[in-house]
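Residue numbers (the working numbering), protein chains in the order written: chain A, 13 to 272; chain B, 1413 to 1768.
What the hints contain is simulated information worked out from the structure, not anything from laboratory work.
Misleading hints may appear alongside valid ones.
Stated by the list, open to error - Only pairs whose alpha carbons sit at most 30 Å apart, straight line, appear in this in silico DSSO-like list of lysine-lysine:
#, chain 1, residue 1, chain 2, residue 2
1, B, 1633, B, 1594
2, B, 1690, B, 1605
3, A, 111, A, 24
4, A, 224, B, 1649
5, A, 227, A, 31
6, B, 1690, B, 1601
7, A, 111, B, 1651
8, A, 227, B, 1633
9, A, 111, B, 1762
10, A, 243, A, 111
11, A, 224, A, 243
12, B, 1762, A, 227
13, B, 1457, B, 1601
14, B, 1649, A, 111
15, A, 224, B, 1605
16, B, 1705, A, 111
17, B, 1575, B, 1690
18, B, 1605, B, 1542
Claimed, not checked - Sample of chain A residues at the chain B side, in silico, Cβ under 10 Å:
#, residue
19, 30
20, 41
21, 70
What the hints assert, rightly or not - Computed, partial: chain B to chain A, Cβ under 10 Å:
#, residue
22, 1434
23, 1436
24, 1442
25, 1461
26, 1465
27, 1480
28, 1496
29, 1599
30, 1615
31, 1629
32, 1631
33, 1632
34, 1634
35, 1660
36, 1664
Built from N, CA and C at the ideal position, the CB exists for glycine as well.
If you want the building blocks of each chain, they are given just below.
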Amino acid sequence: MAENISPKTIIKPENLVHKRSSVLTDNTMHYCPGCGHGTAHNVLAEVIEEMDIQQDTIGVTPVGCSVLMYNYMNLDMQEAAHGRAPALATAIKRLLPEKYVFTYQGDGDLAAIGTAETIHSCNRGENILIIFINNGIYGMTGGQMAPTTLEGMKSSTSPYGRDKQMMGNPLKMTDIVATLPGTYYVTRQSVHKPANVRKTKKAIRKAFEYQKLNKGTCFIEIVSNCPSGWKMTPVESNKWMEENMFPFYPLGDFKVPEDK
Amino acid sequence: MEKELRLMKGNEAIAEAAIRAGTDGYFGYPITPQSEVLEYLMAEKPHERTGMVVLQAESEVAAINMVYGGAGCGKKIMTSSSSPGISLKQEGITYIAGAELPCLILNVVRGGPGLGTIQPAQSDYFQATKGGGHGDYHLIVLAPSSVQEMADFVELAYDLAFKYRNPAMILSDGAIGQMMEKVWLKPQKERSKEAPAWATTGKTPDRERNIITSLDLDSNKQEQFNIKLQDKYREMKEKEVRYEEFQCDDAEYLLVAYGTSARVCQKAIQLAREEGIKAGLLRPITLFPFPTKEIRRMADQVKGMLSVEMSAGQMVEDVRLAVNGKVPVEHFGRMGGIVTNAEEVVESLKTKIIGG
Ligand SMILES: Cc1ncc(C[n+]2csc(CCOP(=O)(O)OP(=O)(O)O)c2C)c(N)n1
Ligand code: SF4
């Protein structure tokens, strides 16, 4: 029997369980093996494809490891200065109110240098989706401490672990934006396991559906890993994330529209 | 809305002209002496008049990045500020130049450095004409010297900005922003319904995706891009120089001045000529591209030049480069928010150039 199984016999439309989203380009992603960015891009692309809103979607990329996201998404995109993505998105959405507008930002981008833009866009209730990848570190620049770095967590600028007295406390941006009247839907998810990927996908879909209703900002945090910055294998990094990141950044909804 | 004659402040005139020019979006943050721009726009409800978006941002940093976002959609976008706020915008401006986006930035200059003063100055010339932010880039810089020009330069700035896909700055000062003059306003122009081919408006199946970015990690490509930018600036220098001459035909001495200082110099020329000194004025209208050739030509005619600026002497460096040692070039100007007067200019011409 085994000799009958070959690519020819397997690759048939009826056997297709997964395919590359048409909203992704053919470019090879530059992310490190096991990094959550690739999965997060993929989930986002799948939602856009399934909702058939490719023509109506404009994305804004951050400065961080995902700066080149526009190479991977087959979408019209703008690349922002470090931390400024929500300002760009504010203008894009106000000038093209019928389009779906999202930003995709790391924790350094969104919760350090871009804090003002994040808070004020959410507070104004801009009708945009903010996707916030929290990996607790500055990946792109080589693993420095981020505002989200956990207490005691080592990074290249907290080589003995984050000392709260000296370096301040880790910042929970999602908790903060959930208190603002301008946000409509705020949730924290992850993409490290298939079940979590499905939940994140659902959250992104909801966020785009809410955007149509013009009710305010949707904010999705994705707690993610950085195997290179954390100096771990992909498997170790996911385990470490579950054991250390999730207790401090628990997954779940912060703000869910009541009428839905 | 028809052509109309009104008495307005410079800041109000430019705001009204922006609506009439079909501006799609304005993003700003209050700072004296230019807050009337945002105040006027908010009071006028341009959203009801033309559909124009007006938003008070949380900072100049946010405002200029909103400009980036809107301009990236191919829209006509404007922001305004005064010196400290323009400093804060520099990061955004260099990204806009690097992403080759057209937009209009108004600087109603006040005295510096630091928080300085709220009174008029011309001490942001270097920042405006030499780049301002990091990297090799230039803005198109227009210098109005009347309320009428504040209004008229809006359309000119947009035309040049879209022609070259380059940010344009109107470099005004606190005097022109605050003073009231008669101004002819143009009829209302319709906002454009079409977006340029490069704009991010949503990827349709009939074209490749559009990306607005200033990033290229490949040094060879980045160098090629820089060469392209420099070609663009060279073309501007060839085609877009604008200036005005005043009593230059028989001039033996030349004053070079823009904006408020150019108005003072007109009076100074009258006073000088009453004393038998044949002075003329060359007023650069475009500070970038600078009227280098025209000033060089005047160096063959006159015995000396005085660059009159409300600064420690910034444009004087460009005048000297143009003249290249042929005749003496000196600077005169007050600082810290003091507007130079005509008598001082004549005195300075006599001591620094004629007597020297
Ligand atoms: C104004 C400015 N400051 C600093 C940098 C350098 N820089 C690039 S990415 C980055 C941090 C990115 O970290 P994060 O947002 O957490 O994203 P990640 O790379 O982890 O995905 C920094 C500090 C920059 N590009 N611009
Ligand atoms: S450095 Fe970290 S965040 Fe960046 S691609 Fe590698 S694993 Fe991902």
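Hints and how they fare:
{"no.": "1", "hint": "1633/B - 1594/B", "verdict": "50 Å, violated"}
{"no.": "2", "hint": "1690/B - 1605/B", "verdict": "53 Å, violated"}
{"no.": "3", "hint": "111/A - 24/A", "verdict": "36 Å, violated"}
{"no.": "4", "hint": "224/A - 1649/B", "verdict": "47 Å, violated"}
{"no.": "5", "hint": "227/A - 31/A", "verdict": "33 Å, violated"}
{"no.": "6", "hint": "1690/B - 1601/B", "verdict": "44 Å, violated"}
{"no.": "7", "hint": "111/A - 1651/B", "verdict": "38 Å, violated"}
{"no.": "8", "hint": "227/A - 1633/B", "verdict": "43 Å, violated"}
{"no.": "9", "hint": "111/A - 1762/B", "verdict": "64 Å, violated"}
{"no.": "10", "hint": "243/A - 111/A", "verdict": "40 Å, violated"}
{"no.": "11", "hint": "224/A - 243/A", "verdict": "41 Å, violated"}
{"no.": "12", "hint": "1762/B - 227/A", "verdict": "68 Å, violated"}
{"no.": "13", "hint": "1457/B - 1601/B", "verdict": "16 Å, holds"}
{"no.": "14", "hint": "1649/B - 111/A", "verdict": "39 Å, violated"}
{"no.": "15", "hint": "224/A - 1605/B", "verdict": "22 Å, holds"}
{"no.": "16", "hint": "1705/B - 111/A", "verdict": "48 Å, violated"}
{"no.": "17", "hint": "1575/B - 1690/B", "verdict": "40 Å, violated"}
{"no.": "18", "hint": "1605/B - 1542/B", "verdict": "34 Å, violated"}
{"no.": "19", "hint": "30", "verdict": "23 Å, violated"}
{"no.": "20", "hint": "41", "verdict": "15 Å, violated"}
{"no.": "21", "hint": "70", "verdict": "5 Å, holds"}
{"no.": "22", "hint": "1434", "verdict": "13 Å, violated"}
{"no.": "23", "hint": "1436", "verdict": "6 Å, holds"}
{"no.": "24", "hint": "1442", "verdict": "15 Å, violated"}
{"no.": "25", "hint": "1461", "verdict": "16 Å, violated"}
{"no.": "26", "hint": "1465", "verdict": "5 Å, holds"}
{"no.": "27", "hint": "1480", "verdict": "6 Å, holds"}
{"no.": "28", "hint": "1496", "verdict": "17 Å, violated"}
{"no.": "29", "hint": "1599", "verdict": "24 Å, violated"}
{"no.": "30", "hint": "1615", "verdict": "5 Å, holds"}
{"no.": "31", "hint": "1629", "verdict": "8 Å, holds"}
{"no.": "32", "hint": "1631", "verdict": "16 Å, violated"}
{"no.": "33", "hint": "1632", "verdict": "17 Å, violated"}
{"no.": "34", "hint": "1634", "verdict": "14 Å, violated"}
{"no.": "35", "hint": "1660", "verdict": "44 Å, violated"}
{"no.": "36", "hint": "1664", "verdict": "51 Å, violated"}
Checked against the numbered hints given earlier, this structure breaks hints 1, 2, 3, 4, 5, 6, 7, 8, 9, 10, 11, 12, 14, 16, 17, 18, 19, 20, 22, 24, 25, 28, 29, 32, 33, 34, 35 and 36; the rest are met.
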